[in-house]
Every structure is written in structure tokens, then in C-alpha cells.
Amino acid sequence: MTSDSVDIINAFALLTNFVLLPALSYGSQLALGALAVTLVYSVLRFSNFAQGDSMAFGTMIVILLTSFMISRGWTISGIPTALLVIPIAIVFTSMYLLTMDRLIYRHYRKIKAKSITIVMSSIGVMFVTGGIVRFVLGATAQKFEDGERFIFSVREFKAYTGLEQGIAFKTSQFLTITIAFLLVAFVFYFLQKTKTGKAMRAYSDNKELALLSGIDPDKMVQITWLLVAALTTIAGALYGLDKGFAPQQYHLLLLPIFASVIVGGIGSPIGAIAGAFLVAFSEILLTYAYKKFLIYLLPLSMHPSSLVQLIGTEYKYAISFVILVIVLLIKPTGLFKGKVIVDE
Amino acid sequence: MNNLNNIWQSYRAIITFSLMGFVLLFVGFNQSWALVIGIINMSLISAIMALGVNIQWGYAGLFNVGIMGFAALGGVSVVLISQQPVTEAIDVGGIKMLFALALGAATIAAGVLLNRRGVNKWLISLIVVIGYLFTRFYFSEASKLIEKVDPAITGYLGGFGLPIMLSWIVGGLAAAGAAWWIGKITLSLRSDYLAIATLGISEIIIYVIKNEDWFVRGLKNVYGLQRPVPYEVDMQKSEWLQNIVAWIHRSELQLLSQSEQISKLSDYVREASVVFVKLSYSGLFLLILIAFIMLSNLALNSPWGRKVRAIRDNEVAASAMGKNITRQHLQIFVIGSAIVGVAGALLVTYDGIFIPTAYQPLRFTFLIWVMVIVGGSGNNLGSVLGAFIMWFIWIQSGPIGLWAVEMLGNYVQEGNTSLEFIEDRVHYLRLIFMGSIMLLIMRFSPGGILPEKNKEL
Amino acid sequence: MITVKNLSKHFGGIKAVDGVDLHIERGSITGLVGPNGAGKTTMFNLIAGLYQPTEGEIILDGEDVTNLTSHQLFHKGLLRTFQIAHEFPTLSVLENLMMVPANQLGESLMNTWFKRKQIHAQERELQKKAEEVIDFLSISHLKNERAGNLSGGQKKLLELARTMMVDAKVVLLDEVGAGVNRTLLNQIGDAILRLNSERGYTFCMIEHDMDFISRLCNPVVVLAEGQILTSGTPDQIKSSDAVIEAYLGKGIKTEATS
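Protein chains in written order, with my numbering: chain A, 1 to 344; chain B, 345 to 801; chain C, 802 to 1059.
Chain A with its partners taken away, still in its complex shape (with noise of 0.2 angstroms):
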């Protein structure tokens, strides 16, 4: 790092390694997140305060099962035991969900409540839920995390390439992009192709049509729970091996994706991933300290002494509000025109 030459390569190898992957995973994590809100948004008419804490359940889940496994020894080499339980997860997850629903918000569907009650509801469930997590696991923070750490690390990546700066993929972020994208694509699909799925689709744009074509509304509504249980259960779980789980961390989760659903236009699914990337991205660009990235591309009278940092990292959240702000201010309705419930 003392040559005076400029060094674009090993410039974009320290982006990557400390900006694009930490970002891809990250932005995959949100957009699960976001992708279950939007879900409800769209079929249940209301925002889900519940959703952060809803994470930490899945998670705690994992957790719990995961333990257990290892316990018992029944592992796989190589592979995160997480990983092999989360389906057993989504099977719980969904059934306290689900449970939720049947006693919480049906009686609000029923007696058709202004959606500020039911989104005050929802925030009963987020405490309520919380508690049982924390009950649970306690607050402290804690790593679930085992099998091989890295695809590649930085030293296995700096004697491949001979490069100076090393970029390791962690598996956590190799299963995170990897599994965000596939199940992105399932829900893709099952939104578009299958019977139920765009049965969903009608359900959300017009209910009463909906019925009138003889949809099932308490239908709609489960598959709309099992969908944001998998979503939900996978994100936690996945965000949890990538950083580790901590259920403050988890409900704070709610504000960027609550931005990302803005941003994208809150119950489209498109936006609510786009949102997620754009708000992972500005979230790591705004906080990485770019010294050494810039020492790589000048020369060396113009090397910056401070960080170049342009957001401490304590305000990370402050981003994503940021963002929703300026969303709010010059685009209510986000970059792909979400729907625009009006409440009466």
C-alpha cells in the first residue's frame, strides 16, 4: 500500500469485498423482509409493525431446532445445520402466524376496521412477540453459524489472484444471494403462473370482485401467511448466519424495510425489491469509510488522513428514514407506482 501508482484493480477488490458483497447480501435480506410486507399489504390492507419481530420468531426457531440437532450430532459436513431445518422452521413460524391471525386480525377483517386499527393490532403482536423471543432466547446477542465458513477466503483469494487486497465470499452470503434469489423466483411465479396465485393477485386488487368470482377469501388469507411465514423464516434465518442474531437488530429491521416497501411502491413486489437493494446499497455506501479505496486510486500526495467517511455507522438506520422522507416528499406513490389504498 506504499506505491505511489494507482491501483484500479485492487481498488475494485476492496469494494467488493467490503461494499458489493456485504450489500448483495444485505439488499437479499431486506428484500425478503419487504417482499412478506408488501404481501400483506396487499392482501390484508395494512402495514405489518410485526413484521422485524416476526423475523427474530423464525430465527428463534432456527435456533432452538438447530441446537437441538447439533445436540444430537445430526449434522451434514460442510453445510450450516440452519439451513437443513429452516423448512421444519417455516412449519412453526407459519403456524404461530397463522394463529395470529385467527385471533387477532380475522375479528378486524370481520367487523372491517379502519387499517390504522388493525396496524395498531399489528403493533400489540410486534411486543407480544418480541417478549416471547427475548423470553426465550434472552436479548444478548448470539451466532448460530457453523459448517465452512468461507466459498473462498481472502488468503485462498489473494494466492488465486496475486492480488494485494482479498476479497473472501462468505458462505452465509453465497447462501443468501443464492436462496433470496430462488425463492424471489417462486414467489414470482406462484404470484404469476399457478391458479392460486394470481387467484391472489384478484383477491388484492378488487376483493368484491374477487368474491363475486367465487375466491375464498379465508383462503387467500392463509396461503397470503404460509408465503409471508416462508419469506419471513428464511430472511431471519438467513440475516441471523450473516450477522448474527440479536432481537433489538431485528426489530430495528422494520425501518429499512418499511423503506424499502416505500421506495419500491408499497404492495408492489417488483418495487419492494428494488426498494430492498437500493436502501442495502445507499446503507453500505453511505457508511463505508472509503480511506483505503482512495489510497488505492491517487497518488500518494493526495492520500486522505481522515476516513473519508460520509455517515457514521451509528446512523445507519437514520439512512433508511432518510430515504423514505425524500420518497415520501417528491414520490409518494415509490419508483414502480404501488397501489394507493385510500382509507374510508
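Bear in mind the hints are in silico, worked out from the structure with no lab data behind them. All residues carry an ideal CB built from backbone N, CA and C; glycine is no exception. You may find that some hints are simply not true.
Straight-line distance between alpha carbons at most 25 angstroms, and here's what the computed BS3-like set of lysine-lysine pairs gives [to be verified]:
{"hint": "1", "chain 1": "B", "residue 1": "Lys-528", "chain 2": "A", "residue 2": "Lys-331"}
{"hint": "2", "chain 1": "C", "residue 1": "Lys-816", "chain 2": "A", "residue 2": "Lys-198"}
{"hint": "3", "chain 1": "B", "residue 1": "Lys-488", "chain 2": "A", "residue 2": "Lys-316"}
{"hint": "4", "chain 1": "A", "residue 1": "Lys-112", "chain 2": "B", "residue 2": "Lys-797"}
{"hint": "5", "chain 1": "B", "residue 1": "Lys-651", "chain 2": "C", "residue 2": "Lys-930"}
{"hint": "6", "chain 1": "A", "residue 1": "Lys-114", "chain 2": "B", "residue 2": "Lys-564"}
{"hint": "7", "chain 1": "A", "residue 1": "Lys-114", "chain 2": "B", "residue 2": "Lys-528"}
{"hint": "8", "chain 1": "B", "residue 1": "Lys-651", "chain 2": "C", "residue 2": "Lys-929"}
{"hint": "9", "chain 1": "A", "residue 1": "Lys-114", "chain 2": "B", "residue 2": "Lys-651"}
{"hint": "10", "chain 1": "A", "residue 1": "Lys-316", "chain 2": "B", "residue 2": "Lys-651"}
{"hint": "11", "chain 1": "B", "residue 1": "Lys-651", "chain 2": "C", "residue 2": "Lys-970"}
{"hint": "12", "chain 1": "A", "residue 1": "Lys-207", "chain 2": "C", "residue 2": "Lys-944"}
{"hint": "13", "chain 1": "B", "residue 1": "Lys-651", "chain 2": "B", "residue 2": "Lys-528"}
{"hint": "14", "chain 1": "B", "residue 1": "Lys-564", "chain 2": "A", "residue 2": "Lys-292"}
{"hint": "15", "chain 1": "C", "residue 1": "Lys-944", "chain 2": "B", "residue 2": "Lys-651"}
{"hint": "16", "chain 1": "B", "residue 1": "Lys-465", "chain 2": "C", "residue 2": "Lys-918"}
{"hint": "17", "chain 1": "B", "residue 1": "Lys-797", "chain 2": "C", "residue 2": "Lys-970"}
{"hint": "18", "chain 1": "B", "residue 1": "Lys-651", "chain 2": "C", "residue 2": "Lys-816"}
{"hint": "19", "chain 1": "A", "residue 1": "Lys-316", "chain 2": "B", "residue 2": "Lys-564"}
{"hint": "20", "chain 1": "A", "residue 1": "Lys-291", "chain 2": "B", "residue 2": "Lys-488"}
Reference listing, derived: stretches of chain B covered by chain A, where coverage requires no fewer than 3 residues with Cβ under 8 angstroms from a Cβ of chain A [to be verified]:
{"hint": "21", "segment": "401–413"}
{"hint": "22", "segment": "439–452"}
{"hint": "23", "segment": "538–549"}
{"hint": "24", "segment": "736–746"}
With chain A's structure known, arrange chains B and C on it following the hints.
Just chains B and C, lined up with the frame of chain A:
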């Protein structure tokens, strides 16, 4: 039976408030009066906060999920108004900080103005980014300088050294300002955007308070705030208090010897001084609460209230009858938040210490919401009652939970790990408990204990 | 009075209103008829500022009001009633009327604290006016009833009454006669005619009852599938083949698909 029911219906408020009073009296006789007055004071502050939220939710259906943030703004105001200025820090970094903040403000203003003029968006972005970079540079310079000044004691700019009561008004204004800004952006949009935005702004306010040490000392807390009421030590020296205490306990004191009398009396005086100080706070808080309720009731029983109820009944029709709903909602949101800000300032004044980590959503947003819903949304008296009931439960739920665990412990053999586990986590049950109360009341008794009379049936 | 030029409103792919040109004459009672789903209520919602049009403009008294919201239009003298009565259920009938006039002293928060006396005086005047209106519509016996407890027809009358609390220029009546019994309907009809002749209100009304329309309206405009089919006197409309076809032929088709 029917008769009883009728009595209950017509005297609900009196009955429930009396019951609450009895419970407090019971605690007073059995535990201590200082404790009871402490509970009453916290209930009064909570009642003011709940009143603010009730005005927003009950009268306009505005869902504020950021009560914590507005309360924190009130708390910050107390520090900024009442603390003495730290002259050394101001000398070192005051001007620089002022310059940085002015530069930041100018950047934003320039961005907004150029945007209105329709200048190229990329050019505006460039200007804003450059402005931001300069701001950030000067800002971090200034904050470093300020934070270096005697960090163990100050390390911040201090306040204006003005009377602390002024900060209650300023706290209200600060919260009102933030609410105006948030409301302006979100109130013309869908109703849940306000909820999301308030959630966001409140988290950010807390982050700023925790991280910007130059501002209100961050995690180092601010101790020894001014007091609007006398100190206990001074009270103990005052003759009239001694005389009153001696008079109250005269029969008991007469039986004692001279030296015993003196020591016993000084014990009583010490206790009385604590009670007196707390009672002075109670008086202040009660006065403020009553003033707010009176102002609110005057407004509600006038054409203003009629308009507000009409809007709540049917927004579309109210709009067709010429009422500007967004503006009305903005007004209500600002007023409600201002009241929350005042209550936040009162709370920090009462604590005498400013602790940023104390701002937890469960305590400051959620508990207040439960108070409003339990008491009866839309009913001011309901909010007050809800505040008393829920604060009492909140305060007692900790000891009760531990007590329950202990009782459980008597039945489980020594060294059982599951017991330790529960003991460790028992306070998280509060989250579940409070959440369940809220959900149950919303589901089965949406009117709360004291339902609003005018509510749609 | 009101001129609508090339007005369109699309919901997704559905063209609820599709390039309508319409002129409402000052002092007239214009009837707007057409099969269900023809776009009549959408037209009203566009004119009254509840929806923003996809295309076209609306001119009220020579002023472009296309993008004004409904509370702004109220202040320009345009009032409306709703197809499904939009009363204020928790307010009494009297309060429903008294809330209407704009810029009341007591609507400002500061005044409610510091100008109690003046507010009281103004309230007395307002109440007198509201009572006059209630008398005019012969519903004095209901004045202290909560509006939510009224019958459907009474709510319709209440909506009409609200429009009489201020000096309106144009009143849009959306099926003011629907669900109202004969006697009450005649009462409403009388009220409309009197308001028209005595106070010079301009009306535009959506109606299905042809007798009611014949009695009140001239001209009558027929809307079908979001476009104007024809217009003329009630007699001309009754005998028009196009209209009959719209109602019985194509009309039934639109009804079934919408």
C-alpha cells in the same frame, strides 16, 4: 343487579377513580407515603403524556408510534435550557459548531430553494453533497474540540442556564416543531405513513442523543439538573416544617425523653421533607394536567370540537363541507406532540438526571399507548385513569414477577436451572403482558374503562 | 356555470369516464341519467374534487378548478350530496347543519379559549339559521336526534339541508331520491324546486326515477359507458331509441361485467 349496572354506568369515572385512590391509600398505609406520592407523580406525568396521545388518536385517529422521540425532545430541552453553559467548550468549539450547523442549514435551504426553481436535479444533488461534505468536516472538527473539554464532567456545550420551568415550554415547542415537519410530509398521504415516519424519527432522535456527546453528553448522562422545588436538605432546616411535624407527632413525641425526642423528630422531619418535595412536584404536575384538560375540554365543546368530530365521523363528507382535513390533522398532531414534549420535560425535571438509554420504546411509546387504550380512547379522563392504573401495574409488575418466581422456587429443588432461567428473563414477560393487555382491550372492550360518550356506536 | 371539457378518468384499464364534454347552465336543474356503471358518480367525484381526472378540465364560473380538492371547491360555492348518505353519525341533526358554514370564529383554537362570548353569539345565529333550514324541510322534530339514528330517507334530507346552510352556487345531488319513500321524495322535490326558484341554486342531479326527473330536470343528459350518449328535454330522452337501447340492450351488458 340491573340497578347496580346502572349505577356503574352513570358513575363509572367516580367509582374507578375512587378505587384507584383506595389502592394508593392502601399502599401508603402499608408501605410508605413517599412511595405513593412517587407513584402519583409518575402517573401524573404519564397522564399528561397519555393526554397528548389521546388527543391525536381519540380525536383524529392519528397513530403516533414515536412518543418516545417527542418525550426525548422534551428531555433534551431541559438540559439545553437549564444547565449552565460550559464557557470553555463554547470558547473552543462554539463558533465552529455554530458555523457547521449554519452551513448544514444553508445547504438544505439551498437544495429546497433550487428544487423549487426547477434547477437540474443532478446539479442540486452535487451542491447538496458538497455542502454536506463541508458541513461534516467542520462539524466533526467542532465536536471533537468540544468533547475534549473535561470529558469526565462536561465535554459538551452545556445549556443556557435559564430557569428550568422555561424548558417545559421549550420542550413542548421542540416536539411541536418535529411533529409539524413529520406531519407536513406524511399527513396528506395514507394514514399508516405517519405511523412509520414517527417510528423512524423517534429512533433517530434517540440515536442522535446517544451518539452526539457534544450535544447532551450522550451516554455519559447529565446529572444534577436544576430543580423547580426546594431541596430536601433546605427543607429540613426550615422551622415551620419542623413545627408541623412536631405537631403531627406530638402525642408520640411527648412520651419520649429529650434526646430521643430530638432524634425521632429529625427522622420524621427527614421523611417529611422528602414527602414535601414530592408533594410540591405533585402540585405542579397536577396544575399542568388540569390546565391541559380544561383547555382541551373548552375546545372540544365548541365549534372546533364539532368540526373535529365531524372529520372523525366522515372525512369525505367533512371535506365536501369545506373542512381542510389535512390542516386539521396537522394541528391536532402538533398539539398532541407538544403535550408529549412538555411531559417529557417534566419527567426529566422530576428525575433530576438525563439518561438517554432510559428511552425505551416499551416504556415510552408502548406503555403510553396501553394507558390510552385501557383508559378509553377519546376520553381525556380515561387517559388519566389509564395512566394511573397502568403505571401502578408497571411499577408493581417487576416485584410481583420476582415474587412469583420466588414462590415457584419454594416448590422446586435447589439448583434447578430452569428456575434461574426464568428469573433471568422474567422482565421480558412485561412485553408479552403489556402487548396482551393492549390486544385484549382492543378486541373485547374497544371503548376502554371510561368510553367516550360521542363515539360512533 | 360548470363546463367540463374532454374529461376522462381511468382506473387501471377501465375507462370510467371517457372524454366527456358537458355544460351545466346557470339556474338550471340538469339531470344526469344512465345505466349502472355508466360513470355518473365518477363524474360527480371528478367535478367535486374527490378524484383527480386523468385528462380534461373543469371550469366553474369561468375559473379552472380541475385540480382543486373538495374542500377548496366548497369555498367556491360547489356543494354535493352522496349516493350513500354521508351524514356525521355522532353529531345531532342540528350540529350536522351548524358545522357547515366556513370560517366560524369558534373553529379557531385560540378563540375557543379567549373569545367565548363572541362564539356564543355566533352559535346562536347559526342555530337560528339551522332551525330555519330544518323548518323549510319540515324535519324540525328531528333536530336533536343523533344523525346516525335517522332513516335512510331522512339522512338524504339532512344532506340536502346541509347544502342550504351556505349560499351555494351549484349543488350536485347524487341519487338524492334513492331509498326514499314517495311522500319524502315529493318533499325533496319541492325543496329542490323552491331552492332553484327562490335562491337561484343551480342543480345537477343523478337520478334513476324517471318521474322524478321529468318533474324537476331540464335538460337531461344521458351517460353510457363513460360517454355522453345524448341530451335533451325529459320527453325527448324518454322517446329516444338510443337511450332505450343503452338501458335495455348494451346497458345490461355493462351492468353484468362491471
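Structure-based check of all given hints:
no., hint, result
1, B:Lys-528 - A:Lys-331, "holds, 15 angstroms"
2, C:Lys-816 - A:Lys-198, "holds, 23 angstroms"
3, B:Lys-488 - A:Lys-316, "holds, 21 angstroms"
4, A:Lys-112 - B:Lys-797, "holds, 22 angstroms"
5, B:Lys-651 - C:Lys-930, "holds, 18 angstroms"
6, A:Lys-114 - B:Lys-564, "violated, 44 angstroms"
7, A:Lys-114 - B:Lys-528, "holds, 22 angstroms"
8, B:Lys-651 - C:Lys-929, "holds, 19 angstroms"
9, A:Lys-114 - B:Lys-651, "holds, 20 angstroms"
10, A:Lys-316 - B:Lys-651, "violated, 42 angstroms"
11, B:Lys-651 - C:Lys-970, "holds, 23 angstroms"
12, A:Lys-207 - C:Lys-944, "violated, 39 angstroms"
13, B:Lys-651 - B:Lys-528, "holds, 20 angstroms"
14, B:Lys-564 - A:Lys-292, "violated, 32 angstroms"
15, C:Lys-944 - B:Lys-651, "holds, 18 angstroms"
16, B:Lys-465 - C:Lys-918, "violated, 54 angstroms"
17, B:Lys-797 - C:Lys-970, "violated, 37 angstroms"
18, B:Lys-651 - C:Lys-816, "violated, 36 angstroms"
19, A:Lys-316 - B:Lys-564, "holds, 22 angstroms"
20, A:Lys-291 - B:Lys-488, "holds, 20 angstroms"
21, 401–413, "holds (count 3)"
22, 439–452, "violated (count 0)"
23, 538–549, "holds (count 8)"
24, 736–746, "violated (count 0)"
The structure shown violates the earlier hints numbered 6, 10, 12, 14, 16, 17, 18, 22, 24.
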